Each structure stands twice: as C-alpha cells, then as structure tokens.
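Number of protein chains: 2
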Amino acid sequence: MANYKLTHIDLQAPRTELHDLLNLTGMELSFNNLPAGGAVPFVHKHKENEELYLVLAGSGTLFIDGEKLPIKAGDAFRIDPAGCRSLQAGPEGLTQICIQAKAGSLESFTMGDGQLVSDGPQPEWVKKG
Amino acid sequence: MANYKLTHIDLQAPRTELHDLLNLTGMELSFNNLPAGGAVPFVHKHKENEELYLVLAGSGTLFIDGEKLPIKAGDAFRIDPAGCRSLQAGPEGLTQICIQAKAGSLESFTMGDGQLVSDGPQPEWVKKG
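As they're listed, the protein sequences go chains G and C. Per numbering that gives the first Met the number 0: the first sequence = residues 0 to 128. Per numbering that gives the first Met the number 0: the second sequence = residues 0 to 128.
Chain G extracted, bound-state conformation (with noise of 0.2 Å):
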C-alpha cells in the first residue's frame, strides 16, 4: 500500500469535500466558493470537532453566538464545538476552506511529532551531508 493518495478539485467549485476523496482518519477538510450575498442557510454546532476557518479570497460575515463579525481575506479563525455559527458572503463572494478536527485530540505536532529522514532515498534538491 502507497503512504499517499492523491486527488486534483475544482478550485472554482461551490463545495468539494475531501474526507472520502483522500480516505482521511483525522481530518475533514472542505474547499467552499460562496456567491456574492450567498449564505450556509443555517447555524450549527458540533458534538466533538473543533473547526479551522481560513478565508482565501472575498469577504462576509462570521455569525457566532448571535454576534456578527466582518471577515476578508487572510482571516482564520477556531471554533469551538458548542460555539453556534453560521457564514455569509459579501459582494464579492466568499471563498474559505473549513477543516474539522476531533478537539483535544492532536498529542504534537511539527518539530515533536515530525522526524528527519536522512537514511533512504533522497530528493535531488536535499543537500548530502
């Protein structure tokens, strides 16, 4: 079996989920286009997942917990599951990607959970030595 499984989305698309296209197991990350004035048509929580917002292009609104703030490009937020939210686009669309994760489950990351690998095959571009 590949350690890898690789899939090409349409970046344009209203909505593309990749859980089931990838064979996640610790993550659902979803790729949304909004249209201009366009809306989740409803407000909702989560159980067990954090959620990771991150605003690639256009602007909106974040409604949580009945307050409403101005979002744009560059802007990430967290939330947490019981927080109740919801999104809208401005006039010039929204386009965000969300991705889920189980709160409280990542035990480290990067430096404490990465490892350098320098004993099998290399990249031309990895200097040796």
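Please keep in mind that the hints were generated in silico from the structure rather than gathered at the bench. A few of these clues could be false.
No copy is singled out in the list; a pair is fine if it fits within one copy or between any two copies.
[Unchecked claim] With a straight-line Cα cutoff of 25 Å, these simulated SDA-like cross-link-like pairs (lysine to any residue) come out:
id: 1; residue 1: K126; residue 2: T24
id: 2; residue 1: K127; residue 2: L5
id: 3; residue 1: K127; residue 2: A12
id: 4; residue 1: K127; residue 2: M0
id: 5; residue 1: K126; residue 2: P40
id: 6; residue 1: K71; residue 2: D9
id: 7; residue 1: K46; residue 2: T24
id: 8; residue 1: K71; residue 2: D118
Every value quoted in this text rests on a predicted model; they were computed, and no experiment measured them.
Put chain C on the given structure of chain G with help from the hints.
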C-alpha cells in the same frame, strides 16, 4: 470565554503556522509560499500525524518514498505518518497549505458530528420556519 478565536495572516508570507495563533487542539495548519525553485530542504515523516496538503497556486514536485510526482494548483494529497516526503516548487512557485491531525482520531464529521441549532439567536440570512 468566547467559543472562537480569530486572527489575520499574510497570505503572501513564506510560512505561517496557525496552531499557536489560534490555540488549536485537534490540528495544525501551515500556509506556505515557496518561491520558484525553492524546496523543503529535508525529507521527513511523522510519528502519529497524517498530513493533508492542498495546492492553491503554482506547481512543483512531491517526493514521496523515493517517487517524484508533479503537483499543481487543485491537487490535494493525504500522506500517512510513515510516508517519507519532501516538496519542491516549480518555476511559478508553489502555494500550499499543510494540515496535520492525529491519524485515526476523527470519529465522525459533518452530518455525523454537526448539529443544527434553531432555538437560539439566528442571523437574518437564515429563514425562519
């Protein structure tokens, strides 16, 4: 305590890590811009975390377990903890996000973990009834 935390990042910066900026507990996300010909100068694997990469712009090469694959905007790939990986940008540079989460930690998602909220405050874009 608010159920959210929001930050703003520079989408043109070489690398931005969100874990500490947002107090993430289930994942880490890095936003990366590699310049033309730039590369991750090492091969690495992980102890526990799967990684999901999404290429947002440009193109390059994924090195995985001795294999080299061309990658371009719209490509998304999951890598098992054991996969030995590195990346190089092509002549246009490479913009990608990489998310780490503990492999096997996601118990449910979207309709399984999400819950509609209709009994609290609602934004004006959610229709009543």
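*Against the structure shown, which of the earlier numbered hints fail to hold, in ascending order?*
1, 2, 3, 4, 8
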